[in-house]
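Enquirer: Listed below, chain by chain, are the residues.
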Amino acid sequence: MRVTVNGEARELPDDATVASVVAQITSAARGVAVALNDEVVSRADWARTAVREADRVEILTAVQGG
Amino acid sequence: MTVDPLVIAGKKIESRLIMGTGGAPGMEVLERALVASGTELTTVAMRRVDPAARGSVLELLNRLGIQVLPNTAGCYTAGEALLTARMAREALGTDWVKLEVIADERTLLPDPVELLDAAERMVDDGFTVLPYTNDDPVLARRLEQVGCAAVMPLGSPIGSGLGIRNPHNIELIVESAGVPVILDAGIGTASDAALAMELGCDAVLLATAVTRAQEPELMAAAMRAAVSAGRLAYRAGRIPKRRYAQASSPVERSS
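Taken in order, these protein sequences are the chains called A and B. Residue numbering for the first sequence follows this note's numbering, beginning at 1 and increasing consecutively. Residue numbering for the second sequence follows this note's numbering, beginning at 1001 and increasing consecutively.
These are computed hints drawn from the structure, not numbers from a lab. As the structure is a computational prediction, the values presented were derived from the model and not from experiment. From the three backbone atoms N, C-alpha and C, an ideal C-beta is built for every residue, glycine too. Incorrect hints may appear among the rest.
[As the list claims (entries may be wrong)] One side of the interface only, derived from the structure: several residues of chain B facing chain A at Cβ under 10 Å:
no. : residue
1   : GLY1023
2   : VAL1044
3   : GLU1059
4   : LEU1061
5   : LEU1064
6   : ILE1066
7   : ALA1073
8   : GLY1074
9   : LEU1083
10  : ARG1089
11  : GLY1188
[As the list claims (entries may be wrong)] If we take Cβ atoms under 7 Å as the criterion, some of the chain B residues that face chain A in the derived model are:
no. : residue
12  : THR1021
13  : THR1043
14  : ALA1045
15  : VAL1057
16  : MET1087
17  : ALA1091
Same shape as in the complex, but just chain B:
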């Protein structure tokens, strides 16, 4: 049984696990983790060129045939995010962008006012915008209304590994969204990723849970299996929860 493909902005993506590259201890570890994850879409950040830097994440993604998704990490205003996205488009030749506009360094939570402004300006500028957003159903709806190609609510703060703190809000977002919903941030282990998919999310985006695991390659394989399992379970339709037992064996005595 295979998992049905994800479609974002008309593009078919076979893997519903989107990876980030942040936090990996080295390129070789990252490569093994990316391969084990089966991902086809992976984020990178835009930073000032370091003349001393060795090994390029771009070369790695090219070699593995993984589509690059630049982010606007580190931006605090819509203006900064728009310039970063434009530079990413120039450098990488893609108009896809993971839009991040954060409010402060301590929580790394999205700044909703700047985020919505940035999203609107980027859509107008021709970008395919995938915004990292709060788990706020109203904000998710507004982001979709201004033309975002997906919405990416957090499960909990970036890198926290706290899982999905408000599953009810994620369900509300899924119920009303007309674009893919991608659970982004907060995943700690495989059960968190499976839960996201069981709640109806279309994909999961994670980095730290894999790159900072004790065995990144093994955790990448676990996440891949969890996302697949969660998707299949969502499509299968779970049984309703009951307060009391319901016998699964025939209730009449056999003799």
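If we strip away everything but chain A, and leave its shape as in the complex, we get:
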């Protein structure tokens, strides 16, 4: 299935979860947040939250700024 991750189209297996998507992007154990279709998914729910066709996943962290 096709999913947009941080603005880029990705081909993912049908059993993909938020946790598996994050694992492709970063191994950081903290300081990372995920929004699935503009709703925050807390870290505790990553493994049990399924990603579906055409979903938008945003994975953010803190950087220098402000």
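Once you've looked at the hints, dock chain B against the given chain A.
Expert: Frame of chain A, contents of chain B only:
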């Protein structure tokens, strides 16, 4: 003589200089500047994870024992700002947020309509909201009324180094505010920071003036001293300005 602590939302902060981390040429320079500034509260931005990025600003702030203040830089609408704040809360475990909702890229000036809407929604969502705002006394009052923990008027546009363009408005904001007033944006050099404090601001937030100075560590030390000096001068109460001289030596001849 020490400077009295700043209190925001019931939390005591010893340093009245709040730093930003943007613009530093590298982590080592940033670290030396942060240490020299004496800051206890420092902003970060939220951005998409870059798998190739090296060095983490979060690790640095943790190691230095500095409280992290996420911002919503880059947001143009209340909805974007609220989502960014929620992601920052999830990622960083803090409900403090520097709220920024800008109108356009050229001026980076706050969009007052979106800003007030965002502030109200964030307060309702349980955030401790520190809004970056225009130097508009009426907007500052409205932000306080919807429950912001501080108001942070600009001195001049972000990164401009133009100093405080409307000291009178800053004084008006200070006079009527019941929450801390933090001068945010536009500081160019130490005298600007001192002026902000002399006008009665409770703290100064700056980044570019330090991180893009030729010697960031040295400028951080200068800002720290300026904020302290300005605060002490404000508390001391300056003399009134006069049109003509007033002798400071006895006027009678000694013989």
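Enquirer: Measuring from the C-beta of B:VAL1044 to each C-beta in chain A, is the shortest one below 10 Å?
Expert: Holds - the Cβ of B:VAL1044 comes within 10 Å of chain A, reaching about 4 Å at its closest.
Enquirer: Restraint: B:MET1087 near chain A, CB-CB cut 7 Å. Satisfied or not?
Expert: holds, 4 Å
Enquirer: Holds or violated: the hint that B:LEU1061 contacts chain A, with Cβ atoms closer than 10 Å.
Expert: holds, 9 Å
Enquirer: Quick one, is the B:LEU1064 hint okay against chain A at 10 Å, beta carbons?
Expert: violated, 14 Å
Enquirer: Once the shortest beta carbon distance from B:LEU1083 to chain A is found, is it less than 10 Å?
Expert: holds, 6 Å
Enquirer: Is the interface hint for B:ALA1073 satisfied, with its Cβ closer than 10 Å to some Cβ of chain A?
Expert: holds, 5 Å
Enquirer: Next item in the hint list is B:GLU1059. Is there a CB on chain A closer than 10 Å to its CB?
Expert: At 8 Å from the nearest chain A Cβ, B:GLU1059 passes the 10 Å test, so the hint holds.
Enquirer: Quick check on B:GLY1074 please, does its C-beta sit within 10 Å of some C-beta on chain A?
Expert: Constraint on B:GLY1074 satisfied, holds at 8 Å.
Enquirer: Just to be careful: measuring from the Cβ of B:GLY1023 to every Cβ in chain A, is the smallest value less than 10 Å?
Expert: Where the cut-off is 10 Å and the nearest Cβ of chain A is about 8 Å from B:GLY1023, the hint holds.
Enquirer: Under the criterion of a CB-CB separation shorter than 7 Å, is B:VAL1057 in contact with chain A as hinted?
Expert: holds, 5 Å
Enquirer: Tell me if B:THR1021 is really an interface residue toward chain A, meaning its C-beta lies closer than 7 Å to one of theirs.
Expert: At about 4 Å, which falls below the 7 Å cut-off, the nearest Cβ of chain A leaves the hint on B:THR1021 intact, so it holds.
Enquirer: So, B:GLY1188 near chain A? Judge it on the closest CB pair being under 10 Å.
Expert: At 17 Å from the nearest chain A Cβ, B:GLY1188 fails the 10 Å test, so the hint is violated.
The earlier numbered hints that this structure contradicts are 5, 6 and 11.
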